[in-house]
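Undergrad: Construct the entire structure; sequences and hints are all you get.
Sequence lines, in order, name chains A and B.
Numbering of the first sequence is given in full-length UniProt numbering, commencing with residue 1 and proceeding in unit increments.
Numbering of the second sequence is given in full-length UniProt numbering, commencing with residue 1 and proceeding in unit increments.
Please note: incorrect hints may appear among the correct ones.
Here chain A is said to cover these stretches of chain B; the calculated rule only asks that three of the stretch's residues, wherever they fall, bring their Cβ under 8 Å from a Cβ of chain A [to be verified]:
1) 182-188
2) 288-301
Not everything, but these chain B residues come out facing chain A in the computed CB check (under 8 Å) [claimed, not checked]:
3) K89
4) G91
5) R191
6) R210
7) G265
8) S266
Note that these hints are calculated values from the structure, not bench results.
Heads up, the beta-carbon is just placed ideally off N, CA and C, and yes, glycines get one too.
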Amino acid sequence: MTDPVLRLENIVKTFPGVRALDGVSFSVMPGEVHALMGENGAGKSTLMKVLGGIHQPTEGAIYIGDDRVTMAGPLEAKAKGIVFIHQELSLAEELSVAENIYLGELPRKRFGRVDWATLTERTNAILGKLNVGFDARTRVGDLSIANQQMVEIARALTVDAKAVIFDEPTASLTDAEKVVLFDVIADLKAGGVGIIYISHRMEEIFRITDRISILRDGQYQGTVNTAETDEESVTQMMIGRQLDLSRNASHHQLGEVAIEVRGLSCGKLYTDISFDIRRGEVVGFYGLVGAGRTEIAETLFGLRRPSAGQILLGGVETQIHSPDEAIAHGISLVPEDRKGQGLVLGMNCRDNMTLPQVDRLASGPFVAEGEEIKIFDKYRDQLDIRTPGWRQKVGNLSGGNQQKIVIGKWLSMHPDVLIVDEPTRGIDVGSKSEIHKLLRELAAQGYAVMVISSEMPEVLHVSDRIIAMYSGRIIRTFRSEDVTEDSLIQAISGIGPGAQATEVA
Amino acid sequence: MAAMNRKDLGEFLAKQGILVAFAVFMIAFTMANQKFISIDNVFSVVRSSAILGIMAVGVTFVVISGNLDLSVGSMMSFSTIVVLDLHDKVGPALAIPLMFLMTLCLGAFIGFLVGYLRLNSLIVTLGMLSAIHGLTLTYSGGQNMDIADKEGTWFSVFGQGTALGIPVPILMFLAVAAFLGLVLARTPFGRKVYAVGGNGTAATFSGIRRARTVFTCYLISSGCVATAGLIQASRSLGSQNTVGQGLELEVLAAVILGGASLLGGSGTIFKTVIGVLILGFIQNGLLLMGLQFYVQFVVTWIIIILAVWLDIAAKRGKLWSSIA
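TA: This is the structure we're talking about:
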């Protein structure tokens, strides 16, 4: 057997309070396409940053061929033959293809002048290998995303690449463009280059890879031959168990209507929205991105003004002009963007959690810090938030624990209506099902819960009723026992029965 | 191994660099001139730092809220000139509250522009630096302002008096720093300032009124400026129109030196006071070494650059890096 081009041995990387990578070992053979899989937060991106010299491993070693290497930065990694094709492209749009490919190493003539003839010739030679339909002089900004990616790959070919790492390369490609990319990968493979291929898309993994290595919570779970496994067992390795995403069947005792919305509209964002949520009920809002769901939540929370319609809280029409008014009326919003809208990352856990009620937690002129710690402790225990203590900066916690801080922050306000927008985006599977369970429990305790989600299994799993939205309108309302995946998909795509906005509440 | 040590040293310097530099300065100055560490000299440094210090305490609020205030220097000239002028016209007892009111109006105006209209604070306060200067000159007609009866007024107590053997400016500095330090560290308002500066969007999503918080920070800053102007006027009982010129940079240097991040969300009043003292001792040390007074303008600039660099370095854990 030949020697691997790249070998990782027992890589450990720790950050304050987090063991991001814990004993990762695998190797990439020449001419092999090696998939790296894992849930969000499993440590894939940290591992790639270690490989790219952006982070130094706390323990362990990286070998290229037989040589143990340390890489102080991205340039050194590239010089040693490790090349990255990133998800987000890093090209200068105003420059030509040739300039982008040789940026920093442009061939020179005397007096520092660029040798354009040589540059064009060399670039076209590389582009020829890739079989693309543009040439060296094309402005990069004029190329499609797929072709820009080809420029990135061409850049990789200018060095003697030993290992090429593709990070979610097909995220923004059409099917036809994917075929071209896979051809290029096949060519690289034939040339003896080792390839690490990171993707969430099972179909691609099983189509082009030879072996699959799996990470879970920073730990290496093993490497399997693609031909000898199937989607189910890979998923099981990734999440550690079967994910319970059955449909919600239990309904809680319903109380009075906590919030009712009548004919609410907001410019072009959404139109004529009417629904109600009772105490003890979870109502899921399902639809495509841009269907207007988040905008409705923002309106209820006082961040947007409706152009028409009424909001009734406990049967009383209420005007909500700002988030602090919404909070005073018993509405809480766990926002979609955890880091951007939910948390002050540089602040500690306790201060983040008590932020909405800091005015009320006073003893004399000062914040009652003892009370704050009590609140934090209560929700840390209730939500099982894993942190060394309340002094820990929120930015150092994992995504799941961060989200629990945001949820704890809003539960501690004891709202009548709890709105959660994409509650499990970007967090690991374990925390995901904990949060699902929690949402059901909250309803049981008498909260009216509004869940906005783009994940169908999630909506099905937590909701008593599901409101399907398309293009700013409510298309249909389902009871959880009546809904089928087909009818739900049709409703959010604006096709099929119910497109006349029937209300089945 | 060697690489590891170098990295540790880098991290240490990045985090504690200012204190290390300060220690080296102090030792070097003391060795060059025994007088440097004497009680008299230390006292004189603290006293001459009081005006700068009070202003820096106010600007700390603004910086933690994620904004800048470059107008404090010319605003201090304004306060000084106004209180001196009013002293002879309406008497000191009325002149002082009137001057505070006028200065607070300037602060409120800036706070309105930055807080409520969400205009960039650098542009707004840089513009105000010049506009307030113009306002001061218009008010005074370009003339120096002097109190007619310099012997017979109790007004001199703020700048020249002592209580319990301690100069009043020092006492006022300590009182302002202690009071506002408590406000920032312990009150709900202080917490909101950190939240707004750390992540304004998240603060809004938590029901905090961001505009009002920023507005209040500028109000506090202008109140501190008025206090500083009072001491300045009282100390000399007469003044040029340009008495506060350039102070905005020194104030900013002290605040950054104390470790408040220009990106907002971090810093404390205590650290700012340390920053003020470090700046004061360095400037005093340079004078004792026989360097010209004007050298300190260059030194202040060097200190700002050093402090900003170390702030960024502490964030990324390296002294320099090719990526952000």
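Undergrad: So, for every hint listed, does it hold in this structure?
TA: Results of checking the hints against the structure:
1. 182-188: With 4 residues close enough to chain A, the hint holds.
2. 288-301: violated (count 0)
3. K89: With a minimum Cβ separation of about 37 Å from chain A (threshold 8 Å), the hint on K89/B is violated.
4. G91: Check failed: Cβ of G91/B comes no nearer than 34 Å to chain A, outside 8 Å.
5. R191: holds, 5 Å
6. R210: violated, 10 Å
7. G265: holds, 5 Å
8. S266: holds, 6 Å
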